[in-house]
Amino acid sequence: MNEIEPVDKTRMNESYTLGPLQAGPPCCDPEPLIRVDNLTLHYRKKPALENVSLDIYKGCITALIGPSGCGKTSFLSVLNRMTDMIPDCRVSGKVHFNGKDLRDPALNVQGLRRDIGMIFQKPVPFPLSIRRNIELPLREHGISKQAELNDITQLVLQDVGLWDEVKGRLESSALALSGGQQQRLCIARALALKPKVLLMDEPCSALDPISSGVVEDLIQRLRGKYTVVIVTHNLAQARRIANYAGFFWIKDQRAGCLIEFGQCKQIFEAPVHELTAAYVSGSRG
Amino acid sequence: MNEIEPVDKTRMNESYTLGPLQAGPPCCDPEPLIRVDNLTLHYRKKPALENVSLDIYKGCITALIGPSGCGKTSFLSVLNRMTDMIPDCRVSGKVHFNGKDLRDPALNVQGLRRDIGMIFQKPVPFPLSIRRNIELPLREHGISKQAELNDITQLVLQDVGLWDEVKGRLESSALALSGGQQQRLCIARALALKPKVLLMDEPCSALDPISSGVVEDLIQRLRGKYTVVIVTHNLAQARRIANYAGFFWIKDQRAGCLIEFGQCKQIFEAPVHELTAAYVSGSRG
Amino acid sequence: MSLSRADRQLLALLRGCALLSAVIVLLILLFLLRESWPVLRQVPLLRFVTDASWHPVDGLYQLTPMLSATLYSTLGAVLLATPLGIASAVFSRYYAPPFLAGLYRRLIELLAGIPSVVYGFWGLITLAPLIGRLHPPGVSLLTGILILTLMILPTVALTVDAALAAVPIAYVRGAAALGLSRWGLISGVALPAARSGIIAGIILAAGRAIGETMGVLMVAGNVVQQPLSLFDSVRTLTANIALEMAYATGEHRAALFVSGLALMLMVLVLVGTAELLFRERRYD
Amino acid sequence: KSDESEIEKLVLTGSSTIAPLAAEIGKRFESLHRNVRVDVQTGGSSRGVSDARAGLADIGMASRALKDDEKDLLQFTVALDGISVILNKANPVEALSKQQIIDIYTGKITSWKQVGGNDAPITVVNKAEGRSTLELFLHHFGLKNTEVKPHVIIGDNQQGIKTVVGNPDAIGYVSVGTAEYEASQGAAIKLLPLEGIAASVENVRNRSFPLSRPLNLVTRSEPVGLAKDFIEFAGSPQVNDLIEAQYFVPVPR
Amino acid sequence: MTKNVLATGLIWLMAALVSGVFVWLLSDILIHGLPQLSWAFLAEAPENSGRSGGIGPIIVSTLLILLVAMVTAAPLGLATAVLLSEFTRYDSIFGRLVRRSLDVLAGVPSIVFGLFGNAFFCIYLGLGFSILSGGLTLACMVLPILIRTAEEGLQAAPNDYRLAAAALGMPRSAALVHLLLPSAAPALLAGLMLGVGRAMAETAALIFTSGYVDRLPNSLLDSGRALSVHIYDLSMNVAGGDANAYSSALVLILLLFIINTIAMSLAKQWLYRRVVSI
Ligand SMILES: Nc1ncnc2c1ncn2[C@@H]1O[C@H](COP(=O)(O)OP(=O)(O)OP(=O)(O)O)[C@@H](O)[C@H]1O
Ligand SMILES: Nc1ncnc2c1ncn2[C@@H]1O[C@H](COP(=O)(O)OP(=O)(O)OP(=O)(O)O)[C@@H](O)[C@H]1O
Ligand SMILES: [Mg+2]
Ligand SMILES: [Mg+2]
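Residue numbers (our numbering), protein chains in the order written: chain A, 1 to 285; chain B, 1001 to 1285; chain C, 2001 to 2284; chain D, 3001 to 3253; chain E, 4001 to 4278.
To be clear, the hints were calculated from the coordinates, so they are not data collected in a lab.
Possibly wrong hints are sitting among the right ones.
Here are the simulated lysine-lysine pairs, BS3-like style, with alpha carbons at most 25 Å apart [said to hold, decoys possible]:
| # | chain 1 | residue 1 | chain 2 | residue 2 |
| --- | --- | --- | --- | --- |
| 1 | B | K1265 | B | K1225 |
| 2 | A | K167 | B | K1045 |
| 3 | A | K46 | B | K1100 |
| 4 | D | K3190 | D | K3089 |
| 5 | A | K167 | B | K1225 |
| 6 | A | K265 | A | K167 |
| 7 | A | K167 | B | K1058 |
| 8 | B | K1046 | B | K1094 |
| 9 | E | K4003 | A | K145 |
| 10 | A | K122 | B | K1225 |
| 11 | A | K45 | E | K4268 |
| 12 | A | K251 | A | K94 |
| 13 | A | K251 | B | K1225 |
| 14 | A | K100 | A | K45 |
| 15 | A | K265 | A | K225 |
| 16 | A | K45 | B | K1167 |
| 17 | A | K46 | A | K196 |
| 18 | A | K58 | A | K196 |
Chain E regions said to be covered by chain C (calculated; three or more residues, Cβ under 8 Å) [as the list claims (entries may be wrong)]:
| # | segment |
| --- | --- |
| 19 | 4045 to 4056 |
| 20 | 4245 to 4256 |
The following residues of chain A were derived to be distant from chain B, with all beta-carbon distances above 10 Å [to be verified]:
| # | residue |
| --- | --- |
| 21 | N51 |
| 22 | G66 |
| 23 | A106 |
| 24 | A176 |
| 25 | S205 |
| 26 | S212 |
Glycine included, C-beta positions come from ideal geometry on N, C-alpha and C.
Next up, chain A with everything else stripped away, as it sits in the complex (with noise of 0.2 Å):
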């Protein structure tokens, strides 16, 4: 039941370190890493997302964009199924994640989150010190000698650019961060497990343009060997980092649904259906 891999020390530390930046959206191997097929999701009785069919590949950055409330957020939480904690929420259709059933009742859920994290628009911070919000995961995760740990805090604060600002007071508490660092710090905790999805709910949107650029260089640099499903309000930041994405758009005032999705330079360049051409070229950045 347990699909956590055993944690090495030698692979966490080898990727840890990360590669240099990558040239750009043309992509690696097309290999479906998450299959979804005719997803439908309801609250209570309002439907959010209605026959949604798309394949997540394997290292490449899936951008998914769309105006508010057409269910984005909705299906980031189906894949590492978040959905559990949502009651009278119901999901139907068929989720795939590495040839396994997602949607399994008996799948190690824990694992399965590992597996695929996620990175929210808000960030949350969990009210201890900044130290111990890194830490706590990786302790979960069975990974409890000390020196270990803190070179994988430096690690992962390096990496999203915290290191600098925060080193000499990591026992401080994480709430008194501003909330860009607040951020910053969530996708550090995010990284420190070393998952093989990242699902990232606007992650950026509460950066500053450094920082923004600081994560998005970071995102770019887990191309391959991670697999980016981001959901991005900014067109342009998909533009350059994706290399597929989706657009999804909200039919009748009713549930969200999947209107176009494919290579990221043909969605923004040639985009087959109009409201999808509507929507990259009217709105502004």
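With chain A's structure known, arrange chains B, C, D and E with the ligands on it following the hints.
Just chains B, C, D and E with the ligands, lined up with the frame of chain A:
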């Protein structure tokens, strides 16, 4: 002591109906509404702002930009005395609003906050119904006729482009709205009070491009009637809407300070300070 | 900090109320002092810790055995009730299926209202003979601790439960998204976030344990002696007052009020140490 | 319904031993005197004495004779109560001599074996300091409380009975009437004869039982009016059935 | 992982232990108390010192004492809690002083409360042995419980609400009434339940204040015997009173159950109307 003007319905109705979109940056009458002189702010012993002096001009839009943690939020908090709510926060320097000393301990703070509204980075809808979210502060300020409340609610929800999305479920909880919807609700709630000044702390960072556009238009339409101070990480947006811009920076990991302040055009096109130049050109929007 | 008129009026009202609660404490202290004055005036304070024994009728006023009995029984009960109470709250918040959680919470609420006489009565009839079989006389420090534990457990459980209920849902979701196990979430995030509520609950419970009278009186044995083992019979300060007050006159009566004062002093010291120990790093 | 203003109130405070009896007498008194309310409060003999002296109560209740420094008050005995040594029913010991009891209470005898019983340690149950039962017991056996080596100290009668019921090796002393009643109701206790005289209500009544105490009503001065009526009523044979229902012994009159 | 399994096991075990002991206690009370329970027992006055007859007047007195205690303590407690959490800095001298004195108050033995209540309410204020004296004494007793729980509840309310309300120019009182108190409602309720429980369970303090008289009270100034005092008297002072002591304990628990249920459903309705959760 009480500086709140008695609410009269005509004023209300008159000004909820905003005028058409105005041309753009070049400004209006350069009469300073808020004067900040040598402002310094400490959290416990940590300095957050040092020697900031600037004028906020009446009827204009002032954008504040700068990296995360440089004290933009702290600066806004001084202007409507939200700093009162933070224990161990010490402010020194002079701040005048409409000629009155803003830091006067005897000032009617509630009246001030009604005059100077604030929108936060994280949307904070109250755990009440959508309707109650807007009505609650209005009732608190003495408006209690239901018909009037209904009118105002509809007008402000239309202003933020939320009316069509929620008109059928005004009685349901505001917490069930999507992130973007929540933020627009918060803006509507603040507009309902008809403040003279609106402080906005990254109001669009949680919004999709369409609603971000709606809010941006809204802000532009506020120009002239209202005075707006907006913190934004979206430089393109700042450039599009602001009359004046201020650039904050953190010196030596210590306190934030104002590097440059001036006409928006000047800041973006002919910055005096090299840090400003690097920031406005170097960062990706 | 400047406030509106409504707030200032409210504040005045609130101040009045808070003052009233402080006045009550003061009144009780004054009352105790007045009542114990006849003996305090004549007997040097030191004698309350140096006398040979507690035989107030014969002018012997040794209080330390009862002080330590109170201390031991309170400590024991708090040490037992804290993990059990926290576990109860965690159980009903995070482990039990909703139906069972409701039932369990109701059970605990009921227990909070069972009179201490009933606990004492039950302890005397059921628990003491069982323990007496292990080691006579049965009524003992151990029995006292167990009965006190039962009595304060609901206090701990209910306050911790309320504190856990107030942990923001965002933390729970954030923890879940990091793949934290249920226990990881509870021990790493929920309990630390509820920390100040938990400490308040424990302090409340400890207060109840120190002040508990009828229950311990029935099951602790009431012999004035330094307990050498858990099976020794002991007398707490409260039991001392309840046992003898009804028949005490003159200096004997005053000496009993001194044990009341000693108790309050002890609470004061305990509260002080708790404050030092748990000096909170508040995250907000 | 009678007019409220006509109602006269009589307040009794004091001994918890007498309180149930006084309350029953009060009820009967009320039924004979319309417009009279008898309020009985407990709080112990000393409270009865001090309240009577301070005038807080019309009548005090004390389950003992007045002490020397209380002789400024007046006492009226309403009933008698004997004190009996009790053991657990399972204990084979049937009688103890005065010296044996003294030795047990002073810790010289620590095992039942030494008095012909099982090989088990004795659990000595004593009363709390100040209680009139204790004083009487000590006085009878010529003991001082400082010499007594108790294992358990109890407050009220029923606590003593329950302690002995729950502990087969315990020895204690309680009110004869209640002990006799509890034993007859199947409680696992037995009453030991004292100096060869069986502990029974009968023997307390005929004054042959050596260990007994008076249950007194106490007043500050010569009672008048309602208090006088009540004290006379409580001392009259009209309440003998109530006294017996509480397992006390009426004073022979 | 194993830690999680272990914790799960341990928590279930502890919960089972706790409920096991309590079910044992409750079933003891049930077995011994149920046979005597009847409508007559609930309605009639006690006879023969409580060995026979019922407990009607005693139930009435108990409820009246409880009412007095809660009506006095709840507003006072809530007000103090609000002052401490909303208008006082956590580490201010005043706040510490009040908090510490409350902790001390929580540790005062009930019998001392009884003697104090007797001296202050009964004698000094001239209320005599009465339901009012008893209720007021209990109010002093439950005050620390109400204050501490309410304060914790308020402190746990999201700070964002305070900031947002302040930014809208709402007075603190409005934020309190509309946002903070509702979000602290579970804690307020828990405190109230604890307080009611403690008040219902109190014996020693009531013997000296509300008294021993088992007649039906005509007014709040009459003495009235509380259930717990009755139970104490029957079990410790009246030979042959055990059976009715058990029944009275059973009635007390049932009363508590009913009060809790009513309070809970009221609170739920209130919360529902305010749409606190999604
Ligand atoms: N817990 C919930 N209960 C009921 N309805 C919900 C819940 N969460 C979201 N919704 C509704 O479902 C729809 C989709 O919401 P979702 O949060 O997925 O949108 P989104 O695309 O992420 O929007 P945004 O860009 O504003 O974050 C919205 O209409 C929202 O109001
Ligand atoms: N309540 C507080 N207590 C202590 N330090 C604080 C507090 N609030 C903010 N700070 C610190 O003060 C500095 C300025 O914070 P502020 O929130 O004003 O920055 P900001 O410019 O708004 O950043 P961002 O763009 O990330 O929102 C930061 O270093 C932050 O950590
Ligand atoms: Mg979203
Ligand atoms: Mg900020």
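Cross-check of the supplied hints:
1. B:K1265 - B:K1225: holds, 22 Å
2. A:K167 - B:K1045: holds, 18 Å
3. A:K46 - B:K1100: Not satisfied, since the Cα-Cα distance of roughly 51 Å exceeds 25 Å.
4. D:K3190 - D:K3089: Holds, at about 5 Å.
5. A:K167 - B:K1225: Outside the cut-off at roughly 46 Å; violated.
6. A:K265 - A:K167: violated, 40 Å
7. A:K167 - B:K1058: violated, 42 Å
8. B:K1046 - B:K1094: The given pair, whose Cα atoms are some 20 Å apart, holds under the 25 Å limit.
9. E:K4003 - A:K145: holds, 17 Å
10. A:K122 - B:K1225: Since the Cα atoms of K122 of chain A and K1225 of chain B sit roughly 32 Å apart, the hinted pair is violated (cutoff 25 Å).
11. A:K45 - E:K4268: With Cα atoms ~23 Å apart, K45 of chain A and K4268 of chain E stay inside 25 Å; holds.
12. A:K251 - A:K94: holds, 22 Å
13. A:K251 - B:K1225: violated, 36 Å
14. A:K100 - A:K45: Violated: K100 of chain A and K45 of chain A sit about 29 Å apart, past 25 Å.
15. A:K265 - A:K225: holds, 22 Å
16. A:K45 - B:K1167: holds, 18 Å
17. A:K46 - A:K196: Violated, because 32 Å separates the two Cα atoms, which is more than 25 Å.
18. A:K58 - A:K196: Since the Cα atoms of K58 of chain A and K196 of chain A sit roughly 9 Å apart, the hinted pair holds (cutoff 25 Å).
19. 4045 to 4056: violated (count 0)
20. 4245 to 4256: That given contact holds, which follows from 5 residues of the segment 4245 to 4256 of chain E lying within Cβ reach (below 8 Å) of chain C.
21. N51: It holds; N51 of chain A is separated from chain B by about 20 Å at its closest Cβ, greater than 10 Å.
22. G66: Violated: least Cβ distance 7 Å, not greater than 10 Å.
23. A106: holds, 30 Å
24. A176: Not fine: 8 Å to the nearest Cβ puts A176 of chain A too close to chain B.
25. S205: It is violated; S205 of chain A is separated from chain B by about 4 Å at its closest Cβ, not greater than 10 Å.
26. S212: Since the minimum Cβ distance to chain B is about 7 Å, S212 of chain A lies within 10 Å and the statement is violated.
Checked against the numbered hints above, the structure breaks hints 3, 5, 6, 7, 10, 13, 14, 17, 19, 22, 24, 25 and 26 and satisfies the rest.
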